[in-house]
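Visitor: Since the structure of chain A is already known, use the hints to place chain B on it.
Protein chains in written order, with our numbering: chain A, 161 to 569; chain B, 161 to 569.
Note that these hints are calculated values from the structure, not bench results.
Worth double-checking, as some hints may not be accurate.
The list makes no distinction among identical chains, and a pair is therefore deemed to hold if it is satisfied within one copy or across any two copies.
As the list claims (entries may be wrong) - BS3-like mimics (lysine-lysine), calculated; alpha carbons at most 30 Å apart, straight line:
(1) 566 <-> 356
(2) 217 <-> 478
(3) 356 <-> 478
(4) 398 <-> 308
(5) 170 <-> 217
(6) 494 <-> 566
(7) 356 <-> 170
(8) 217 <-> 323
(9) 217 <-> 462
(10) 356 <-> 412
(11) 398 <-> 170
There are 2 protein chains.
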Amino acid sequence: MEIDIEIIRKLAQPSTLPDGGKIVLAVLDGLGGLPIEPGGPTELEAARTPNLDQLAKEGTTGLSIPIARGISPGSGPGHLGLFGYDPLRYEIGRGVLEALGIDFELGPDDLAARGNFCTVDEEGRIVDRRAGRIPTEVGARLCERLQKETSIPGYEIFVRPVKEYRFVLVVRGPGLVDGLSETDPQRTGVPPLPIKPLTDDPAAARTAELLNDWLEQARRVLANEHPANSLNLRGIAKDPGIPNFQEIYQLKAAAIAVYPMYRGVARLCGMQVLSTGETMASELDTLEQHWDDFDFFFIHFKYTDSRGEDGDFDAKVKVIEEVDGYMSRIRALKPSVLIVTGDHSTPALLRSHSWHPVPLLMWGTTVRPDDVTTFGERACAHGGLGRFLAKEIMPMAMAHAGRLAKFGA
Amino acid sequence: MEIDIEIIRKLAQPSTLPDGGKIVLAVLDGLGGLPIEPGGPTELEAARTPNLDQLAKEGTTGLSIPIARGISPGSGPGHLGLFGYDPLRYEIGRGVLEALGIDFELGPDDLAARGNFCTVDEEGRIVDRRAGRIPTEVGARLCERLQKETSIPGYEIFVRPVKEYRFVLVVRGPGLVDGLSETDPQRTGVPPLPIKPLTDDPAAARTAELLNDWLEQARRVLANEHPANSLNLRGIAKDPGIPNFQEIYQLKAAAIAVYPMYRGVARLCGMQVLSTGETMASELDTLEQHWDDFDFFFIHFKYTDSRGEDGDFDAKVKVIEEVDGYMSRIRALKPSVLIVTGDHSTPALLRSHSWHPVPLLMWGTTVRPDDVTTFGERACAHGGLGRFLAKEIMPMAMAHAGRLAKFGA
Numbered sequence: 161m162e163i164d165i166e167i168i169r170k171l172a173q174p175s176t177l178p179d180g181g182k183i184v185l186a187v188l189d190g191l192g193g194l195p196i197e198p199g200g201p202t203e204l205e206a207a208r209t210p211n212l213d214q215l216a217k218e219g220t221t222g223l224s225i226p227i228a229r230g231i232s233p234g235s236g237p238g239h240l241g242l243f244g245y246d247p248l249r250y251e252i253g254r255g256v257l258e259a260l261g262i263d264f265e266l267g268p269d270d271l272a273a274r275g276n277f278c279t280v281d282e283e284g285r286i287v288d289r290r291a292g293r294i295p296t297e298v299g300a301r302l303c304e305r306l307q308k309e310t311s312i313p314g315y316e317i318f319v320r321p322v323k324e325y326r327f328v329l330v331v332r333g334p335g336l337v338d339g340l341s342e343t344d345p346q347r348t349g350v351p352p353l354p355i356k357p358l359t360d361d362p363a364a365a366r367t368a369e370l371l372n373d374w375l376e377q378a379r380r381v382l383a384n385e386h387p388a389n390s391l392n393l394r395g396i397a398k399d400p401g402i403p404n405f406q407e408i409y410q411l412k413a414a415a416i417a418v419y420p421m422y423r424g425v426a427r428l429c430g431m432q433v434l435s436t437g438e439t440m441a442s443e444l445d446t447l448e449q450h451w452d453d454f455d456f457f458f459i460h461f462k463y464t465d466s467r468g469e470d471g472d473f474d475a476k477v478k479v480i481e482e483v484d485g486y487m488s489r490i491r492a493l494k495p496s497v498l499i500v501t502g503d504h505s506t507p508a509l510l511r512s513h514s515w516h517p518v519p520l521l522m523w524g525t526t527v528r529p530d531d532v533t534t535f536g537e538r539a540c541a542h543g544g545l546g547r548f549l550a551k552e553i554m555p556m557a558m559a560h561a562g563r564l565a566k567f568g569a
Numbered sequence: 161m162e163i164d165i166e167i168i169r170k171l172a173q174p175s176t177l178p179d180g181g182k183i184v185l186a187v188l189d190g191l192g193g194l195p196i197e198p199g200g201p202t203e204l205e206a207a208r209t210p211n212l213d214q215l216a217k218e219g220t221t222g223l224s225i226p227i228a229r230g231i232s233p234g235s236g237p238g239h240l241g242l243f244g245y246d247p248l249r250y251e252i253g254r255g256v257l258e259a260l261g262i263d264f265e266l267g268p269d270d271l272a273a274r275g276n277f278c279t280v281d282e283e284g285r286i287v288d289r290r291a292g293r294i295p296t297e298v299g300a301r302l303c304e305r306l307q308k309e310t311s312i313p314g315y316e317i318f319v320r321p322v323k324e325y326r327f328v329l330v331v332r333g334p335g336l337v338d339g340l341s342e343t344d345p346q347r348t349g350v351p352p353l354p355i356k357p358l359t360d361d362p363a364a365a366r367t368a369e370l371l372n373d374w375l376e377q378a379r380r381v382l383a384n385e386h387p388a389n390s391l392n393l394r395g396i397a398k399d400p401g402i403p404n405f406q407e408i409y410q411l412k413a414a415a416i417a418v419y420p421m422y423r424g425v426a427r428l429c430g431m432q433v434l435s436t437g438e439t440m441a442s443e444l445d446t447l448e449q450h451w452d453d454f455d456f457f458f459i460h461f462k463y464t465d466s467r468g469e470d471g472d473f474d475a476k477v478k479v480i481e482e483v484d485g486y487m488s489r490i491r492a493l494k495p496s497v498l499i500v501t502g503d504h505s506t507p508a509l510l511r512s513h514s515w516h517p518v519p520l521l522m523w524g525t526t527v528r529p530d531d532v533t534t535f536g537e538r539a540c541a542h543g544g545l546g547r548f549l550a551k552e553i554m555p556m557a558m559a560h561a562g563r564l565a566k567f568g569a
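Okay, chain A solo, but in the shape it has when bound (with noise of 0.2 Å):
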């Protein structure tokens, strides 16, 4: 069922129809449900969306399986698996994803971390792992402190706030590598672990030497605070190396996002990040705007995935709505192949992500039509597409927008 991405890239070409061959992945995060009461509707089934039932009735839908059966994705996995990668091959790292999340532009060469303000006792133990949950200008300060008074010899240092007691410590320089253990000993009463090369990598271990190093003068930069009088690195990780996008699938990229995380994990990919309001609205205006610059088009729907974590079954129910409104915008600029889907369910009966298939649904002149007419669940269930990976979609994409050439003579 599955190929490989390399082989993608060799039959990647110029769009083939007389359209163009512009590809929207509109991803509605968390999109897929569950009842909240036996029998009952999920949330998109639920919501009334009459473009979003127009587009599966004209097109084909489908389930998509994020990972593998069984498996709940983070959001990392998640994309990578829409953007045609692999996510059990290719893994962005806690640190990355952290420093993604706050919009940092890392590079090839950064080895990020995410930090974690703590408070020790005398004896150097833990008695708080999150620093009494100290407010976010108090990081903000300490993150202040420790970037002008510490450093690394020959490497640039970057101390960023993220949020309350969580930061983003990334080096950069030469020679950093990946495969370190974690400072965080998951439990109060023992002192912070000394990081650890987890390979036999000289290079890990000098890497190592240089992050221990940099500990100990943060530490003595934050005894006197209080409660944040020490701290921990987790996810110590480097960019993964995933092949660049746009290359692969010889298409011009742009990846529309509110959050920063999502602009990110597309940016590591090498799409192109477009700027953008706070709104979803906005996000359409920005596509709008870019509609004559780009082949294909990631736009990110947050808020289906806030508000199942929230547990608001109806108020992911109105998020689902308004995105139904906003596919007449999208329809409008004519794109050769439009995919709506999301990447994984977060339904609010769990208030988590889960491993549920996501509806999926792919409109366009190429598109074969099935026997579908609502775009839901049970009804994707008996969608044309059947079941299929999420690594699966962008080939498919590809193929209905004219951009795949012929396997073999």
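Guide: What follows is chain B alone, placed relative to chain A:
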């Protein structure tokens, strides 16, 4: 689509569900069937199954492909798939299966072979590969003689009767390996073959020598018997070293089965085998008695397969109806996830295991319902789960029981 069991091992966690996350895997052996007349119902469709239909209506359904499309599984690979192992990777040799089938507790160093008594002429050429299908009592007496009158110095041997001309030889001791040829030439008119190593491993040559010596002794013992005056060894194999089920899934797992072979496969995977009676009703008693002690129950119903093998459509229908009656007892225990399926199809029409996909229903609080309202082959073809490999059932069951952590950040 398929995820390595080692990734599942990393994601496995105690259940996050308030109901405790217990899983019941109810296997109706050889459940899948075929119509006996064109356009007619299958055995499952013909059966009156109000309880299974209700479960299908409230839950979700699909079709399980035991190994791969077109492949008819033996009982070993069929169950390995259901337990989440790749049946193409872990092979349970015939000797091991035969030993499991007589409830022999095989150890990790044991080498097991299936033995067949046979008849040879004065020149040592086989004239009857089954020794005239001698009565089971005669086979048992011959095994007793071999047990007493043969030996392998430095090793323990076990010669155990199975049925008629069939027996099991187990050799216990250090340094034994499999990868050996069989003695049975699969035709008459020629003498049994010597056992030969199939690999370059010196241990294989040594193991072959030990077994050939034992065969010489055994043939001397049997020389004056009639008609079973010789023997063959087949499927010489060791425990394939299957990763422990309870460790992989972090589940306390129990197996309930009337037939020894299924208990044996479950034990080989590391489940705890519960003693039970001779009837399906007694298996339900066992399930109820041990409900509080385990997180996972594999309960095996044999007679759907037996009646299929008999070619008795109506009798298979009756067995299905009997099992349907037990569903209310399982529901009353309030499992978090209940799965009802088979290890393969055994259509009465074919009187044998077949390759046809197997109906499956999954029921529980986190299950996304589909449009299917009855449990049957045609209905399950429209199910929300679509088609999947049997080895994907356990990841799905784990997810629905709140027992799999999120993959990636």
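Visitor: Which of the numbered hints are not met once you compare them with the structure shown?
Guide: 3, 5, 8 and 10
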